Amino acid sequence: MIEELLAHHILDHSFNISLWGVNLPITQHSVYMFGISVLLFVLLIIFAKKKGGRVRTFLEMFVTFVRDEIAVPNLGEEEGRKLTPFFCSLLIFLLTANYVGMLPGARTITSNISVTGGMAILSLILILGLSIKENGPIGCLKTFVPGGVPGWLVPLLFPLEILSLIIKVFVLAVRLFANMTAGHIVLIGLFSFIFIMGERSIAYGYGTAGPVLGMTLFVSILELLVAAIQAYVFTLLTAIFAGLQMHSH
Numbered sequence: 019m020i021e022e023l024l025a026h027h028i029l030d031h032s033f034n035i036s037l038w039g040v041n042l043p044i045t046q047h048s049v050y051m052f053g054i055s056v057l058l059f060v061l062l063i064i065f066a067k068k069k070g071g072r073v074r075t076f077l078e079m080f081v082t083f084v085r086d087e088i089a090v091p092n093l094g095e096e097e098g099r100k101l102t103p104f105f106c107s108l109l110i111f112l113l114t115a116n117y118v119g120m121l122p123g124a125r126t127i128t129s130n131i132s133v134t135g136g137m138a139i140l141s142l143i144l145i146l147g148l149s150i151k152e153n154g155p156i157g158c159l160k161t162f163v164p165g166g167v168p169g170w171l172v173p174l175l176f177p178l179e180i181l182s183l184i185i186k187v188f189v190l191a192v193r194l195f196a197n198m199t200a201g202h203i204v205l206i207g208l209f210s211f212i213f214i215m216g217e218r219s220i221a222y223g224y225g226t227a228g229p230v231l232g233m234t235l236f237v238s239i240l241e242l243l244v245a246a247i248q249a250y251v252f253t254l255l256t257a258i259f260a261g262l263q264m265h266s267h
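Position 146 of the sequence shown, counting from 1, maps to 164 under my numbering, and the rest follow consecutively.
Accuracy of the hints is not assured; some may be wrong.
[Said to hold, decoys possible] In silico lysine-lysine, DSSO-like type, Cα no more than 30 Å apart, as pairs:
id, residue 1, residue 2
1, Lys160, Lys100
2, Lys186, Lys151
3, Lys68, Lys100
4, Lys160, Lys186
5, Lys100, Lys69
6, Lys67, Lys100
7, Lys100, Lys186
8, Lys100, Lys151
Calculated from the structure, these hints are not laboratory results.
Since we're looking at a predicted model, the values are computed, not measured.
Working from the sequences, and respecting the hints, build out all of it.
Printed below as a string of structure tokens:
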């Protein structure tokens, strides 16, 4: 059924591959993730070597946008320019993964909390790494203690500030996962409504097909927008959190 086909976009399945008695954690989502990474790596190298052209111009505009609107404003001129390649890679990978997941028969790897959680952990490592680089190990720990706080409050606030950072990063994973899953679930619900009404009467089924298909088209267009927004928000918030942790007082 159509709802089963749509559900395959967000479900993950293991290939059950064993090596010397050890079950390898190779799933459809991991294969898609590896395939998208290799595809982007090859294509970007090819386009980077070309002189001129619309794609090369677009990529230059893309890199300039990430540098001037995401990296430099939040991390400063020096660190922002150094980390522009990282944020470009993060954004273009998320964009590609989100849009590939909307193709018929493809898998939406960002609807897997394990994938978005792994990327959130990568963001956390970046945030803490930049804080240690900027402030030193001791200075990094001091960033978790707000300035002007009485000494007797430090034992209480210190773990709360650490927990706050972990929650912020965890929310990055949940937001991306939830938004990319929600669109497919809405489509499944809309298509299921046709069959629910069709069980009552064939006329009801055909009568609801038109409005449902119209709503499906609207949701699909909305998904295109959400896919871009969520990739941008994940990248932007990573830069914002890193900048706040670097310059926290």
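So, going through the hints one by one against the coordinates:
1. Of the pairs offered as hints, the one joining Lys160 and Lys100 holds, with about 25 Å between alpha carbons and a cut-off of 30 Å not exceeded.
2. Distance check on the hinted pair: Lys186 and Lys151 sit about 21 Å apart at the alpha-carbon level, within 30 Å; holds.
3. This hinted pair checks out: Lys68 and Lys100 have alpha carbons roughly 23 Å apart, not beyond 30 Å.
4. Restraint check for Lys160 and Lys186: the C-alpha separation of about 19 Å stays at or below 30 Å, so the hint holds.
5. Taken as a hint, the Lys100 and Lys69 pair is honoured in the structure, with Cα atoms around 24 Å apart against an allowance of 30 Å.
6. Between the alpha carbons of Lys67 and Lys100 the distance comes to roughly 21 Å, so the proposed pair stays at or under 30 Å and holds.
7. Among the hinted pairs, Lys100 with Lys186 is consistent with the structure: their alpha-carbon atoms are about 24 Å apart, no more than 30 Å.
8. Between Lys100 and Lys151 the CA atoms are separated by roughly 13 Å; this keeps the pair inside 30 Å, and the hint holds.
When held up to the earlier numbered hints, the structure conflicts with none and fits them all.
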